[in-house]
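**Q** Dock chain B with the ligands against the given chain A, drawing on the hints supplied.
Spelled out, the chains give:
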Amino acid sequence: MLPPESPAPALAKIALTGLRKAFGPKIVLDGVDLAVNPGESLVIIGGSGTGKSVLLKCLLGLLAPDGGTIAVDGEETTHLSGRKRTDHLAKFGMLFQGAALFDSLPVWHNVAFRLLGREGLSRREARAKALATLASVGLGPEVADLAPAELSGGMQKRVGLARAIAARPDILLFDEPTTGLDPIMADVINELIVKSVRELGSTALSITHDMASAHKIADRMAMLHEGRIIWSGPKREIDHSGNPFVDQFIHGRAEGPIHMQVRGG
Amino acid sequence: MNILAPLGRTLIAFLATVGRLAAFTARALSHAVRPPFYFGALGRQMLDIGYYSLPVVGLTALFTGMVLALQSNSGFARFDAASAIPTVVVLSITRELGPVMAGLMVAGRIGAAIAAELGTMRVTEQIDALVTLSTNPYKYLIAPRLWAGLLMLPLLVFVADIIGVFGGFLVSVYTLHFNAADYISQTWKYLEFRDVTSGLWKAAVFGFIIALMGCYHGFTSRGGAQGVGEAATNAVVSASILILVTNYLLTGIFFAAP
Ligand SMILES: Nc1ncnc2c1ncn2[C@@H]1O[C@H](COP(=O)(O)OP(=O)(O)OP(=O)(O)O)[C@@H](O)[C@H]1O
Ligand SMILES: [Mg+2]
Chain A
682 MLPPESPAPA LAKIALTGLR KAFGPKIVLD GVDLAVNPGE SLVIIGGSGT
732 GKSVLLKCLL GLLAPDGGTI AVDGEETTHL SGRKRTDHLA KFGMLFQGAA
782 LFDSLPVWHN VAFRLLGREG LSRREARAKA LATLASVGLG PEVADLAPAE
832 LSGGMQKRVG LARAIAARPD ILLFDEPTTG LDPIMADVIN ELIVKSVREL
882 GSTALSITHD MASAHKIADR MAMLHEGRII WSGPKREIDH SGNPFVDQFI
932 HGRAEGPIHM QVRGG
Chain B
590 MNILAPLGRT LIAFLATVGR LAAFTARALS HAVRPPFYFG ALGRQMLDIG
640 YYSLPVVGLT ALFTGMVLAL QSNSGFARFD AASAIPTVVV LSITRELGPV
690 MAGLMVAGRI GAAIAAELGT MRVTEQIDAL VTLSTNPYKY LIAPRLWAGL
740 LMLPLLVFVA DIIGVFGGFL VSVYTLHFNA ADYISQTWKY LEFRDVTSGL
790 WKAAVFGFII ALMGCYHGFT SRGGAQGVGE AATNAVVSAS ILILVTNYLL
840 TGIFFAAP
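Sequence lines, in order, name chains A and B.
Heads up, the first sequence is in this note's numbering, so the first residue is 682 and it goes up one at a time.
Heads up, the second sequence is in this note's numbering, so the first residue is 590 and it goes up one at a time.
Here chain A stands alone, though its shape is the one from the complex (with noise of 0.2 Å):
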């Protein structure tokens, strides 16, 4: 049996303590308090415009949190500059939502941009490697020399994913890694993730609305709702965490103590 709560700070991958964010007056991320274990596979879910990707992007400093800590292997991150938040960043392997390709780079450059950058490989292993990446992915050699712009929204998904784990990172983090997917294509890149944690030894940390994913994914879950994690806890405990915010999100019921903010009617 799993330990209900994550152990000491110290010891997780990555720990998140009060993290604080606002824009403005609207108040998005209001103290969250997270911890993932090395070799782990955390999934948030919560609703939309709850601050998730803003969570990610704190998590990366590339939004400057208002308050609370980020430690990175007992690290404290948020006022890395120059060299060592490059070094920093080294660690992490991300996944946009919108897929955030190069559109003046082919896709191979895209997936390869790491690796012929900070990695200082060749161009023709670079190439090879990133053949390698795009197959595991479902993306053939011949998608290889397009521009993104040439893709379905799809498969510029799966480029983001590929250029993602390309460098195989410590720390992976995908901003709903299966939406616009097919459900196949979708199964497919579950199993990627659950791959790429289970081989590389990775931790993953992920956002996503698809509960079927989050499942197949997930080591535990965590939910974020008004800018806080309000629960947290193995995968098979969601489906009775007593918590009613869960029970209604995981359910997809319009009913519930969470209130969507639809005009009219």
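Rather than coming from a laboratory, the hints here were simulated on the basis of the structure.
Some clues are possibly wrong.
If we take Cβ atoms under 8 Å as the criterion, some of the chain A residues that face chain B in the derived model are [said to hold, decoys possible]: (1) L741; (2) L743; (3) A745; (4) T767; (5) A771; (6) F773; (7) F777; (8) F783; (9) L786; (10) P787; (11) F794; (12) R795; (13) G801; (14) L802; (15) R805.
These figures come from a predicted structure and were not determined experimentally.
The C-beta atom is built at its ideal place from N, Cα and C for all residues, glycine as well.
**A** Using the frame of chain A, we list chain B with the ligands on its own:
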């Protein structure tokens, strides 16, 4: 009292923008002079700013030189000074019109393109992605554009000078019936080295301004397609105004009475 409030607000907003721009410039410069350098990106930008601007800049220079000769003739003929036309053409082109016209044309072409490209990269999170892939956007995106602007505009203006003078020559010889050899010797007679070099220095400054404005407005754009459009407009307008203002200041520095 209420009349002063919007004035003060505008002034504060203006000063805030100047401050942000200064901070951005300092940061961009400090990254532009330190490795790593991305020579591939630099080459692409130099091609874009230099080579692909040649037709536009060349055409502008040609017609400017031609119209200068025509105008000077109609004015100078009134007091028998038509022999000054070659000198007027070459001095106007090399000192002022070459760099300013080229600067304004390139501001329209390149300033807008840089702002739109970086703005799109910003709103589609490509710049964020760049950061997470351990690449500094100031070094990868901004430094090559600043260097390319700084290096290519003087080259462009040098070519524009030649084409502009040639335009004046064409009109003078074929329309105003000057003797071709006389026209050329007159052109050289009063031309000084610094007439040309001052124009090239100006061009380097203008090239830097164009790239800087494009980068600043693109890099800081927000708010989707509309924001990108605004960034492109602001880049062109601010670069054009800054070119005209710095041109006046630089002329004062280069040619102030000794
Ligand atoms: N750069 C920004 N400036 C201002 N507000 C922002 C910014 N980024 C996000 N927000 C606001 O923060 C809130 C959370 O946004 P976020 O993108 O994190 O939502 P999300 O949980 O990822 O939603 P979804 O599931 O729809 O992707 C939103 O209300 C959004 O308006
Ligand atoms: Mg999101």
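**Q** Would you list, in rising numerical order, the hints stated earlier that this structure does not obey?
**A** The structure conflicts with hints 3, 9, 10, 13, 14, 15, although it agrees with all the remaining ones.
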